[in-house]
Amino acid sequence: NAGVMQNPRHLVRRRGQEARLRCSPMKGHSHVYWYRQLPEEGLKFMVYLQKENIIDESGMPKERFSAEFPKEGPSILRIQQVVRGDSAAYFCASSPQGRREAFFGQGTRLTVV
Amino acid sequence: KQEVTQIPAALSVPEGENLVLNCSFTDSAIYNLQWFRQDPGKGLTSLLLIQSSQREQTSGRLNASLDKSSGRSTLYIAASQPGDSATYLCAAYHSTGNQFYFGTGTSLTVIP
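For the protein sequence lines, the chains are A and B, in the order given. The working numbering puts the first residue of the first sequence at 1, with every later residue one more than the last. The working numbering puts the first residue of the second sequence at 114, with every later residue one more than the last.
Source of the hints: derived by calculation from the structure; they are not laboratory data. Just so it is clear, the structure is predicted and the values come from calculations on it, not from any experiment. Accuracy of the hints is not assured; some may be wrong.
[As the list claims (entries may be wrong)] So these bits of chain B aren't anywhere near chain A, every CB distance computed over 12 Å: (1) Ser125; (2) Val126; (3) Glu130; (4) Val133; (5) Thr139; (6) Arg174; (7) Leu175; (8) Gly184; (9) Ala192; (10) Gly196.
[What the hints assert, rightly or not] Below, in silico cross-link-like pairs of lysine-lysine (DSS-like), each with a Cα-Cα straight-line distance of 25 Å or less: (11) A:Lys62 <-> A:Lys44; (12) B:Lys114 <-> A:Lys44; (13) A:Lys51 <-> B:Lys181; (14) A:Lys27 <-> A:Lys62; (15) A:Lys71 <-> A:Lys27; (16) A:Lys62 <-> A:Lys51; (17) A:Lys27 <-> B:Lys155; (18) A:Lys44 <-> B:Lys181; (19) A:Lys62 <-> B:Lys114; (20) B:Lys181 <-> B:Lys114.
Even glycine gets a Cβ: it sits at the ideal position worked out from N, Cα and C.
Let the sequences and hints guide you as you build the complete structure.
Here you go:
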């Protein structure tokens with residue numbers, strides 16, 4: 001039973017480009033959470049999704065950021081027109097239905113140059 | 114809004130020592146509390162999960178306790194080893210919320 005898979009592990013983008021971060025939850029998990037971690041800071045909640053639904057996006061910046069979790073395939077966190085301040089580690093966690101227990105991926109480290 | 118605090122921010126101990134990491138939360142209406150470790154440049158590894166109805170959980174040399182009424186959880190590590198060196202994070206899931214609220218972590222160094 002593979003764990004939560006995130007790819008790519010490292011992503012370099014120039015300012016103004018788009019970044020697409022992928023997260024495949026553990027088998028049988030239908031809940032996905034995205035978090036951002038800045039150096040020397042804690043994990044900040046971004047969005048909580050279930051299959052085909054955004055449940056809570058209260059932590060997402062209003063512009064340039066979007067997330068989806070389609071019926072088939074991985075969850076995608078999309079950042080348009082990246083800026084230097086978007087450089088961070090982005091973590092995805094999955095959770096099984098009915099149980100609020102987080103299993104994290106290895107993260108995607110985004111660097112904007 | 115749930116606030117989670119971890120004290121101390123950093124801890125350095127000699128190998129073999131028993132130690133306690135602290136986690137406090139402001140809202141006692143939690144669904145559960147989960148402890149993780151994070152190695153530099155890596156993801157989070159789940160250590161222990163305590164449901165709101167439980168008082169403690171044990172796994173090997175680790176023991177986590179939960180006192181909802183006082184808003185506290187502790188992670189006890191027995192006979193510490195250099196391989197325990199990492200950052201330890203606690204996270205509380207509110208009973209009516211949609212996210213895990215994380216503390217800023219305790220950075221542990223175990224000196225051989």
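Outcome of the hint check:
Every CB of chain A is more than 12 Å from the CB of Ser125 (chain B) (nearest about 18 Å), matching its label as outside the interface. Listed as outside the interface, Val126 (chain B) is consistent with that label: its C-beta sits roughly 22 Å from the nearest C-beta of chain A, beyond the 12 Å cut-off. Listed as a non-interface residue, Glu130 (chain B) keeps its Cβ farther than 12 Å from every Cβ of chain A; the least gap is roughly 26 Å. Here Val133 (chain B) stays apart from chain A, with its beta-carbon at least about 20 Å from theirs, past the 12 Å limit.
Once the 12 Å rule is applied to beta carbons, Thr139 (chain B) is consistent with being away from chain A; the minimum gap is 15 Å. Distance check for Arg174 (chain B) against chain A: the nearest CB is about 21 Å away, which clears 12 Å, and the non-interface claim stands. With 12 Å as the threshold on Cβ separation, the claim that Leu175 (chain B) sits away from chain A holds: the shortest Cβ distance comes to roughly 16 Å. The claim that Gly184 (chain B) lies off the interface holds: its Cβ sits roughly 18 Å from the closest Cβ of chain A, which is beyond the 12 Å cut-off.
Distance check on Ala192 (chain B): its Cβ is at least 27 Å (rounded) from any Cβ of chain A, clearing the 12 Å threshold; non-interface status holds. Against the 12 Å criterion, Gly196 (chain B) stays outside the reach of chain A, whose nearest CB is about 19 Å from its own CB. In summary, the hint linking Lys62 (chain A) to Lys44 (chain A) is supported, as the alpha carbons are separated by about 15 Å, within the 25 Å threshold. Between Lys114 (chain B) and Lys44 (chain A) the CA atoms are separated by roughly 13 Å; this keeps the pair inside 25 Å, and the hint holds.
About 32 Å separates the Cα atoms of Lys51 (chain A) and Lys181 (chain B), which puts this hinted pair outside 25 Å; it is violated. For a cut-off of 25 Å, the pair hint linking Lys27 (chain A) to Lys62 (chain A) is broken: about 31 Å separates their Cα positions. Between the alpha carbons of Lys71 (chain A) and Lys27 (chain A) the distance comes to roughly 14 Å, so the proposed pair stays at or under 25 Å and holds. For the suggested pair Lys62 (chain A) and Lys51 (chain A), the alpha carbons sit about 22 Å apart, so the restraint of at most 25 Å is met.
This hinted pair checks out: Lys27 (chain A) and Lys155 (chain B) have alpha carbons roughly 21 Å apart, not beyond 25 Å. Between Lys44 (chain A) and Lys181 (chain B) the alpha-carbon distance is near 23 Å, which keeps this suggested pair within the 25 Å criterion. Pair hint Lys62 (chain A) plus Lys114 (chain B) holds up; C-alpha atoms about 20 Å apart against a cutoff of 25 Å. Restraint check for Lys181 (chain B) and Lys114 (chain B): satisfied, since their Cα atoms lie roughly 16 Å apart, inside the 25 Å limit.
Checked against the numbered hints given earlier, this structure breaks hints 13 and 14; the rest are met.
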